[in-house]
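Engineer: Make the full structure from the sequences, and use the hints.
All the letters of the sequence shown, read from the start, carry residue numbers 1 to 323 under full-length UniProt numbering.
No lab work stands behind these hints, which were simulated from the structure alone.
There is no bait here: all hints are sound.
Think about it this way: if two alpha-carbon atoms lie no more than 25 Å apart in a straight line, the pair counts; the simulated SDA-like pairs of lysine to any residue are:
| id | residue 1 | residue 2 |
| --- | --- | --- |
| 1 | Lys146 | Asp312 |
| 2 | Lys146 | Arg54 |
| 3 | Lys146 | Arg192 |
| 4 | Lys146 | Ala304 |
| 5 | Lys146 | Leu191 |
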Amino acid sequence: MTERLEANDAGIARAAELLRAGGLVAFGTETVYGLGADATNDTAVARIFAAKERPRFNPLISHFPDAEAAFTEAVPNELARRLAERFWPGPLTLVLPRQPGGTISDLAAAGLPSVAVRVPRGAVTAALLRATGRPVAAPSANLSGKVSPSDAYHVMRGLNGRIDAVLDSGPCQVGVESTVLDLTGTAPMLLRPGGVTIEALAEICGPISHPDDYADTLPVSPGRMESHYAPSLPVRLDAQEVGADEALLAFGPELPGAGLVWNLSPSGTVDEAAARLFAGLRFLDSEGARRGLTRIAAMPIPRAGLGLAIRDRLRRAASPRPA
Numbered sequence: 001m002t003e004r005l006e007a008n009d010a011g012i013a014r015a016a017e018l019l020r021a022g023g024l025v026a027f028g029t030e031t032v033y034g035l036g037a038d039a040t041n042d043t044a045v046a047r048i049f050a051a052k053e054r055p056r057f058n059p060l061i062s063h064f065p066d067a068e069a070a071f072t073e074a075v076p077n078e079l080a081r082r083l084a085e086r087f088w089p090g091p092l093t094l095v096l097p098r099q100p101g102g103t104i105s106d107l108a109a110a111g112l113p114s115v116a117v118r119v120p121r122g123a124v125t126a127a128l129l130r131a132t133g134r135p136v137a138a139p140s141a142n143l144s145g146k147v148s149p150s151d152a153y154h155v156m157r158g159l160n161g162r163i164d165a166v167l168d169s170g171p172c173q174v175g176v177e178s179t180v181l182d183l184t185g186t187a188p189m190l191l192r193p194g195g196v197t198i199e200a201l202a203e204i205c206g207p208i209s210h211p212d213d214y215a216d217t218l219p220v221s222p223g224r225m226e227s228h229y230a231p232s233l234p235v236r237l238d239a240q241e242v243g244a245d246e247a248l249l250a251f252g253p254e255l256p257g258a259g260l261v262w263n264l265s266p267s268g269t270v271d272e273a274a275a276r277l278f279a280g281l282r283f284l285d286s287e288g289a290r291r292g293l294t295r296i297a298a299m300p301i302p303r304a305g306l307g308l309a310i311r312d313r314l315r316r317a318a319s320p321r322p323a
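Structural biologist: Next up, the structure:
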């Protein structure tokens, strides 16, 4: 059963305790209720995707109590600092390069060299993030494909029993998700319209691009690239046997004969496999290349639960590289 916590000191302390322990806690922001987990904990982040029945490992927004904390995980340029000064706390998410040595998990960042960061508005939210003391990854607190929740009742109706708690801070003020602005390229790019208008952003940024302006290029927008987050070694899917010149991405009992092995889950648990997916691909890619192996052979993953999301990510990793 999901705990319903009041937005007082005791409720905030309990919510922060659950987050630090790897739990899932929904909490209100000025936009919508988010489904929070410790963004530094792969297993906790995997639980978000499982609870939401989310079919893809898209990047998640990490939330912070202030800009100083956000910029310990993301590398700001001068434009990012000016936008943060104007719009934070508030409904603006910035996509920036990851800090070297940052703590946000690969799963939360979907294996990208960038992170999405935000400082939400609201005293209760800020108190929760300060008490947690870690980046909190939080997509909207609803089942994937359903309407985003703007109060605790909506959260409980969709996720009761799937998450550990909801911190009830009342209805959200804005009611739509944050605006997402990508600052990793040569020009600012709007990835998602939201609570901050493009007109307000343009007063600081100047002209702002949209991914559709670059339909023939490779935008850093979740799910837009067919060949997504691909390792340098080719990936072979649904392997039933493996050669000595291949690195094996195993699931459950391992196939014999591989030149290198990373087992996503020896027990065959998709939640554990999701938490270990990006680390495994990085390890097999770098160590396999160092050993002169020719490809990565991925064993079959079940088409259920998080298995669908794992299969989607592996399919993208195995897609032909753009010319």
